[in-house]
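Protein chains in written order, with the working numbering: chain L, 1 to 166; chain R, 1001 to 1419.
Note that these hints are calculated values from the structure, not bench results. Take the hints with a grain of salt, since some may be wrong.
As the list claims (entries may be wrong) - Some but not every residue of chain R turned toward chain L, in silico, with C-beta under 10 Å:
no., residue
1, P1333
2, K1337
3, L1340
4, M1349
5, E1375
Stated by the list, open to error - Cβ-Cβ distance ranges computed for the label pairs, FRET-style:
no., chain 1, residue 1, chain 2, residue 2, range
6, L, D123, R, V1081, 53 to 61 Å
7, L, D29, R, E1236, 42 to 50 Å
8, L, D123, R, E1185, 34 to 42 Å
To be verified - Calculated pairs, SDA-like style, for lysine to any residue (alpha carbon to alpha carbon, straight line, at most 25 Å):
no., chain 1, residue 1, chain 2, residue 2
9, R, K1376, R, Q1338
10, R, K1337, R, N1323
11, R, K1156, R, D1074
12, L, K159, R, I1370
13, R, K1071, R, N1056
14, R, K1386, L, G44
15, L, K160, R, T1014
16, R, K1089, L, I101
17, L, K159, R, S1417
18, R, K1171, R, K1008
19, L, K160, L, V105
20, R, K1008, R, T1266
21, R, K1171, R, T1266
22, R, K1057, R, D1350
23, L, K146, R, R1243
24, R, K1057, L, L100
25, L, K159, R, F1055
26, R, K1044, L, G44
27, R, K1156, L, I101
28, L, K146, L, D116
29, R, K1003, L, V105
30, L, K160, R, E1028
31, R, K1057, R, T1092
32, R, K1156, L, G44
33, R, K1171, R, Y1193
34, R, K1239, R, D1264
35, R, K1071, L, F144
36, L, K50, L, D29
Computed from a prediction, not measured in an experiment: that's the story for all the values here. Using N, Cα and C, we set each Cβ at its ideal position, and we do this for glycine too.
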Amino acid sequence: MTIKGNVHKVGAHIDTDAIIPARFLVTTDPEELGANCMEGLEHGWIKRVKKNDIMVADENFGCGSSREHAPISILGAGIPVVVAHSFARIFYRNGFNMGLILLEVGDNVSKISDGDELEVDADKGEIKNITTGETITCNPVPPFMKEILNSGGLVEYVKKRLSERN
Amino acid sequence: MPKTLAEKILQAHTDEEVREPGQIVRCEVSMVLANDITAPLAIKSFNAMGADNVFNKDRVSLVCDHFTPNKDIDSAEQVKVVREFAKAKEITNYYEGGEVGVEHALLPERGLVGPSDIVVGADSHTCTYGGLGAFATGMGSTDIAGAMALGETWFKIPPTIKVELTGTPEKFVGAKDYILKLIGEIGVSGALYKALEFCGPVVDDLSVEGRMTIANMAIEAGGKVGLFPVDAKTLEYCKAAGRTGDSELTADEGATYERIVKIDVTGMKPQIACPHLPENVKPVDEVKDVVINQSVIGSCTNGRISDLREAAAVLKGHKVDKNVRLIILPATPSIWKQALKEGLLEIFMDAGAIVGPATCGPCLGGHMGILAGGEKSISTTNRNFKGRMGSLESEVYLSGPAVAAASAIAGKIIDPSSI
């Protein structure tokens, strides 16, 4: 899967309250949550995002609460992939479960600037920075996570396991 | 192979051989938890998975504690979804209304979680039960839906950081100060993907409630779990909560740790986490004189009876500063009743505090204590992220109950020993 889009860079330790503040948690609707994505970071942040844009973050992205509303709001905002130095653990599981692609690039994150155009090949684990001409390689997705992704997300994975039991 | 606490508990719940950190194993779970924010999404996923019934109706807990009593129509609709699901699936442990308490105080109190259990919850502070020796960790709603349907989930075996607490604590210094000190030292991603295992003479002396306070904030260091050995005190607590069949549990001699962090608590001052990250920790002397508008005592971190006793000891005979709203929320109905019986509520109300129902309300900026722009709060809760308690222009300082009580009297952050 290849995604081409412009970068919206955010900092380190972006928490789930920044991604989607608690006052918006009275719905599970992706569009509504998407409309308020990053509202805890900056009022009106979403206005600068186009469909298929890419979020790039520093260390520990998604720390804080277990709210799955966080990856849903990012997907709802039209962002299919987040590239970060590292992700908080619960957010990492939630991202894959929801179908949000997460790529960990460590210190290489400094090679990406706000507004850069990226071409992300999630299968190969390759991030081409069209603006600078540089290519970043990232960690492969662990085999078990691939099994979930290949099933079509956790919902489909569990469906399959349930039918195996019956 | 000698095992850490995390490895031992995971091994007890899987057929696979637990060999090393990084390995992925499938484990049976003991309890699955969700609340009024996360359960509606879990139910949506559960239905999409095509599951008919939960794996065990006694091993699912649904606790509506965040926006209840419902703060608005939307939250009422969310709770309705959870209530109807609980009824349809005949879930034993559904809590709302007069029975409901803050989930991480309620479940241990009811004996629903305990030593050697694996507990997964759609709430990041599920790690609280590590204070009882449970491998307990937060996950998202869809992971929880999977666990509700299958009775199992997967874990990556975490590397473990051992935290050794030694020394003699000063008056007004306790569990909350130890965990804040640790987070200040290792940072909010210091235990990312890892287990924290606590030991040492200070841990042996700590109450079970204090251990839960520490385990509660393991997530604030990025940790997967915060584990305590199971000793006679744990067993006594669990027995009083109505559990049977628990036994002592310690890490194996010679287990492999990624790192050992030693903290000597001797001479330690009360610790304060300053805005806007739990790692911005300073001793109270360096923060004193910050003028506050609100003080909150409660939450899954510090809303238990020992916390209320600590606050009452400071507040007795004093008045809350007229510019401060002191909000006290006993974490469960039985803690409320106990506080009433001991006269603590009278002390709080004589001091001018607002005593509210058991709710997560202000901790997450939900309701019952929202901050306006420019306002500052001291709070015994666990997070001080930007805008956590309301306006993006507000600030939250985290502390233990004694500091929060003393600061409410002084109108500014203060060391309780100077009251």
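Evaluation of the provided hints:
With its C-beta approaching chain L no nearer than about 24 Å, P1333 (chain R) sits outside the 10 Å limit, and its interface hint is violated. Contact between K1337 (chain R) and chain L, as hinted, is not supported at the beta carbon level, the nearest pair being about 29 Å apart and thus beyond 10 Å. The beta carbon of L1340 (chain R) comes no nearer than 30 Å to any beta carbon in chain L, farther than 10 Å, and the hint placing it at the interface is violated. Given hint, M1349 (chain R) at the interface with chain L, is violated; its Cβ is 28 Å from that chain's nearest Cβ, farther than 10 Å.
Contact between E1375 (chain R) and chain L, as hinted, is not supported at the beta carbon level, the nearest pair being about 16 Å apart and thus beyond 10 Å. Hint check: D123 (chain L) to V1081 (chain R), Cβ distance near 37 Å, so the stated range 53 to 61 Å is violated. Look at D29 (chain L) against E1236 (chain R): about 47 Å separates their beta carbons, and that is inside 42 to 50 Å. Between D123 (chain L) and E1185 (chain R) the Cβ separation comes to about 40 Å, which falls inside the hinted range of 34 to 42 Å.
Distance hint between K1376 (chain R) and Q1338 (chain R) is unfulfilled; the C-alpha atoms sit about 30 Å from each other, more than 25 Å. The suggested pairing of K1337 (chain R) with N1323 (chain R) is violated, with an alpha-carbon distance near 29 Å, which exceeds 25 Å. A threshold of 25 Å between alpha carbons decides the hint, and for K1156 (chain R) with D1074 (chain R) the separation of about 36 Å lies outside it, so the pair is violated. The suggested pairing of K159 (chain L) with I1370 (chain R) is violated, with an alpha-carbon distance near 41 Å, which exceeds 25 Å.
Our distance criterion of 25 Å between C-alpha atoms is broken by K1071 (chain R) and N1056 (chain R), whose separation comes to about 31 Å. With a C-alpha separation of about 16 Å, the suggested pair K1386 (chain R) and G44 (chain L) falls inside the 25 Å cut-off, and the hint holds. Between K160 (chain L) and T1014 (chain R) the CA atoms are separated by roughly 20 Å; this keeps the pair inside 25 Å, and the hint holds. With a CA separation close to 33 Å, the supplied pair K1089 (chain R) and I101 (chain L) exceeds the 25 Å bound.
The hinted pair formed by K159 (chain L) and S1417 (chain R) fails the criterion: a straight-line CA distance of about 58 Å is larger than 25 Å. The straight-line distance between the Cα atoms of K1171 (chain R) and K1008 (chain R) is roughly 36 Å, outside the 25 Å bound, and the hint therefore fails. For the given pair, K160 (chain L) sits about 32 Å from V105 (chain L) by alpha-carbon distance, which is inconsistent with the 25 Å threshold. In summary, the hint linking K1008 (chain R) to T1266 (chain R) is not supported, as the alpha carbons are separated by about 32 Å, beyond the 25 Å threshold.
Using a Cα cut-off of 25 Å, the hinted pair K1171 (chain R) and T1266 (chain R) holds, with the two alpha carbons roughly 11 Å apart. This hinted pair does not check out: K1057 (chain R) and D1350 (chain R) have alpha carbons roughly 44 Å apart, beyond 25 Å. For the given pair, K146 (chain L) sits about 40 Å from R1243 (chain R) by alpha-carbon distance, which is inconsistent with the 25 Å threshold. For a cut-off of 25 Å, the pair hint linking K1057 (chain R) to L100 (chain L) is broken: about 31 Å separates their Cα positions.
Distance hint between K159 (chain L) and F1055 (chain R) is fulfilled; the C-alpha atoms sit about 14 Å from each other, no more than 25 Å. For a cut-off of 25 Å, the pair hint linking K1044 (chain R) to G44 (chain L) is broken: about 29 Å separates their Cα positions. Between K1156 (chain R) and I101 (chain L) the CA atoms are separated by roughly 19 Å; this keeps the pair inside 25 Å, and the hint holds. Distance hint between K146 (chain L) and D116 (chain L) is unfulfilled; the C-alpha atoms sit about 28 Å from each other, more than 25 Å.
Restraint check for K1003 (chain R) and V105 (chain L): the C-alpha separation of about 31 Å exceeds 25 Å, so the hint is violated. With a C-alpha separation of about 18 Å, the suggested pair K160 (chain L) and E1028 (chain R) falls inside the 25 Å cut-off, and the hint holds. The hinted pair formed by K1057 (chain R) and T1092 (chain R) meets the criterion: a straight-line CA distance of about 6 Å does not exceed 25 Å. Between the alpha carbons of K1156 (chain R) and G44 (chain L) the distance comes to roughly 37 Å, so the proposed pair goes past 25 Å and is violated.
A distance of roughly 34 Å separates the Cα atoms of K1171 (chain R) and Y1193 (chain R); the hinted pair therefore is violated under the 25 Å criterion. Of the pairs offered as hints, the one joining K1239 (chain R) and D1264 (chain R) is violated, with about 32 Å between alpha carbons and a cut-off of 25 Å exceeded. Distance check on the hinted pair: K1071 (chain R) and F144 (chain L) sit about 41 Å apart at the alpha-carbon level, beyond 25 Å; violated. Between K50 (chain L) and D29 (chain L) the alpha-carbon distance is near 19 Å, which keeps this suggested pair within the 25 Å criterion.
Checked against the numbered hints above, the structure breaks hints 1, 2, 3, 4, 5, 6, 9, 10, 11, 12, 13, 16, 17, 18, 19, 20, 22, 23, 24, 26, 28, 29, 32, 33, 34, 35 and satisfies the rest.
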